Amino acid sequence: MNLTLKVWRQQDNKSAGKFVTYQVQGVTPDMSFLEMLDLLNENLQAQGEAPVAFEHDCREGICGMCGFLINGVAHGGHRGTTVCQLSMRFFKDGDSLTLEPWRAKAFPVLRDLAVDRSAFDRIIQAGGFITAPTGVAPEARAILVPKEDADRAMDAAACIGCGACVAACPNAAAMLFTAAKITHLNSLPQGQPQRYQRTSDMVAAMSGELFGSCTNHGECEAVCPKKIPIEFIGRMNRDLIHATLHRRGG
Amino acid sequence: MLESNIPSGPIEEKWERARFEMKLVNPANRRKHTVIIVGSGLAGASAAASLGQQGYNVHCFCFQDSPRRAHSIAAQGGINAAKNYRNDGDSIHRLFYDTVKGGDFRSREANVFRLAQISVNIIDQCVAQGVPFAREYGGLLDTRSFGGVQVSRTFYARGQTGQQLLLGAYQALEEQVATGSVKMHTRSEMLDIVVVNGRARGVVTRDLLTGAIESFAADVVVLATGGYGNVFYLSTNAKGCNTTAIWRAHRRGAFFGNPCFTQIHPTCIPVSNENQSKLTLMSESLRNDGRVWVPKKKGDTRPPAQIPEAERDYYLERRYPSFGNLVPRDVASRAAKEVCDAGLGVGPGGQGVYLDFADAIRRMGESVVREKYGNLFDMYEEITGENAYKVPMRIYPAVHYTMGGLWVDYRLMSTIPGLFVAGEANFSDHGANRLGASALMQGLADGYFILPYTIPNYIASNPLEKVDTSQPEFAAVKEEVNKRIARLIGIQGKRTVDSFHKELGKLVWENCGMARSADGLRTNLEKIPMLREEFWNNLRIIGTGAELNQSLEKAGRVADFLELAELMCLDALEREESCGGHFRVESQTPDGEALRDDDRFSFVSAWEWKGEGDQWELHREPLTFEHVHLAQRSYK
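Protein chains in written order, with this note's numbering: chain A, 21 to 270; chain B, 95 to 730.
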């Protein structure tokens, strides 16, 4: 099949960007979306043009490195799929696709479709951990975790940190990302001692970056490649309220 | 010349004895010592976090945008530990035995025993960090079985165990970043190491956003940069995985151990198109419940459901009745290749075998199968468009892991003093074949529990004069790195870097893949240098070195693969025996199993770089087996 791509091209974070239109021919349904872009890049280089920069690594949907908007939808709009796993069989001959980077103040564009997501690391630094220095930890079986808590922790921990939630949110909020880590750690017995400090510190770090706030659009859940539910934002807010009241009450 | 530094005494006491004999660094003095850690996967992140906690001044580098992206994240199935929670006969000694046997007797007994001992601490440590391992209804940790063993000792977090263990280490690392003990350098690629007075004292890196070439000085350099499976172009590795860090260190004097020992994983989604850029693994855990088969008749194109039981060959169960579908990876891969070579393969091109869950679904119900493997079935459907609850999966072997790597002693130090190597980047524990769920175990053992002892010991035992990056040794390496980049950009030929990488990958896959012959290897030893020659004369890179330039990044990595590939073939040619993943067609039993030659090859190959254009020199570290009886490996 043949496709028309309108791709955001931007030299670096200081330059202005623009859309450039390319034709890609000979795309087959068994290719992945990124393999289609590989093909475009091989052609561009053959013509002496700079290839389109896009981030990717594992190409199996787990490293969280890839991601851009396809026709305005983060990761292309196939539920539970990152762009690296998106198959070309979902597209048809003659399709016209617009590709652009995550759009959020907190994620400055670095080049073409690549953005800077280091704000996520800084949110984790603020409290996204359980302090357990390497050493003689308690025997693993001494800590019992009810299966439903373990399952919820795992549902939340599945977040790959790709940033689609931020890109999809009209407010560019990082609430789903932050809530996922808080829900993971706060659901486990090991996470209880730091529970409320963690929650308020991570929320403060999130607000300190240029992310917006949640106004319940639910776009984040819709595009999340790991199907992380918006319910976790509610859990985070509940813990935040507790943390705030607790602090005020002394 | 090769001193493995294995402590004396009974094997059970070696590590304890070594730990006691190791020198310590006073807590107040630790922050005066700088440790550079390259790589932020399980080994790198866990080492950086642990050394940061102890108070060292740690600099950690990764080429990705965040340490959380490292390819450890993609490990699916699990992590082994000799906890014996199941009361099914497991023990440290059995994990040790299984690993030495699984590695086809080409690993060091002392290292493997230590690994088995540490395995139990790893699970405790990870649970304390909040890694959400799978639990039973009573709240206890769940385990499952993996290939090559008959106990259930694999701990897991759905099909995302690597992700969860890595995030645990990453979070511990970020906590140290917040305290200031670790400085994280993301989007920084190490392009060379700096040796001063015979010791590793720093690295030269390229900032991947600006192209700036920078140097950093330290007392110790750790490489935890993963394996080199991408030399095959198509593999289950992430696209960025590369050999550059260890290869550059090799060229500076670090011996390369067993380069030909590569693992071909039996359960991957088959290649479907010419533009394919990577292969996707289906976790080995699937072989717990899936049954592998092909039609008995050649050219049987009926849909699988219409092929009656009597006309199916469950070849693993037939050939290996005691281990069945859970034979080790090398055995399962070779068996798949054999049936496909015999014309019995299924799917387009006949390069595939069925992995069938129909029996498991009948026995346990679809919901239980979904609970155990749901995300893997989803992944399979995303890629192939097929529903594996209804039709069997099609799988084929693919390059997955490299047991070879930089040679290290018992303390994980390479032949360059002060250069330590951890995780997949070293050659140490898996011999000629790694068992499933052992990579995560080794990466974390190295990072959490071995380097935090051996690095302080090195610092405390050696006079480390002050160095800084203004010294001429640093400037000289920077100059070399700059020249090499300028040379790559200056070629201005006609071919893209990917086209060279694909061509190299095909050569290595065909002649140094699942089956290797002297003729094929000699062919490669002629063709690879020719391809390298063409690469350096006909490569075309668009753009400059002073910007984000992904083609330039790839070019540097492919240039190193083009050298490594030659050494792999040389090593494979030299080793005239079959062992584990290294199958020389000239050396097999009458029924087609790998035939070792212990009299001639019971050693670790450690190759020394002798300079551009000169032949490598082979050093041999003899392997002795006192606790596991050397025997023909049998899974029948």
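A portion of the hints provided could be inaccurate.
Derived BS3-like pairs: lysine-lysine, alpha-carbon spacing no greater than 27 Å straight-line [claimed, not checked]:
| no. | chain 1 | residue 1 | chain 2 | residue 2 |
| --- | --- | --- | --- | --- |
| 1 | B | Lys277 | B | Lys117 |
| 2 | B | Lys126 | B | Lys648 |
| 3 | B | Lys484 | A | Lys247 |
| 4 | B | Lys648 | A | Lys26 |
| 5 | B | Lys572 | A | Lys125 |
To be clear, the hints were calculated from the coordinates, so they are not data collected in a lab.
Owing to the predicted nature of the structure, the values given are computational and were not obtained by experimental measurement.
Right, here's what the structure says about each hint:
1. Distance hint between lysine 277 (chain B) and lysine 117 (chain B) is fulfilled; the C-alpha atoms sit about 26 Å from each other, no more than 27 Å.
2. The hinted pair formed by lysine 126 (chain B) and lysine 648 (chain B) fails the criterion: a straight-line CA distance of about 36 Å is larger than 27 Å.
3. Under the criterion of a C-alpha separation no larger than 27 Å, the hint pairing lysine 484 (chain B) with lysine 247 (chain A) is consistent with the structure, at around 24 Å.
4. Straight-line distance between C-alpha atoms of lysine 648 (chain B) and lysine 26 (chain A) comes to about 25 Å, which keeps the hinted pair within the 27 Å bound.
5. Distance hint between lysine 572 (chain B) and lysine 125 (chain A) is unfulfilled; the C-alpha atoms sit about 36 Å from each other, more than 27 Å.
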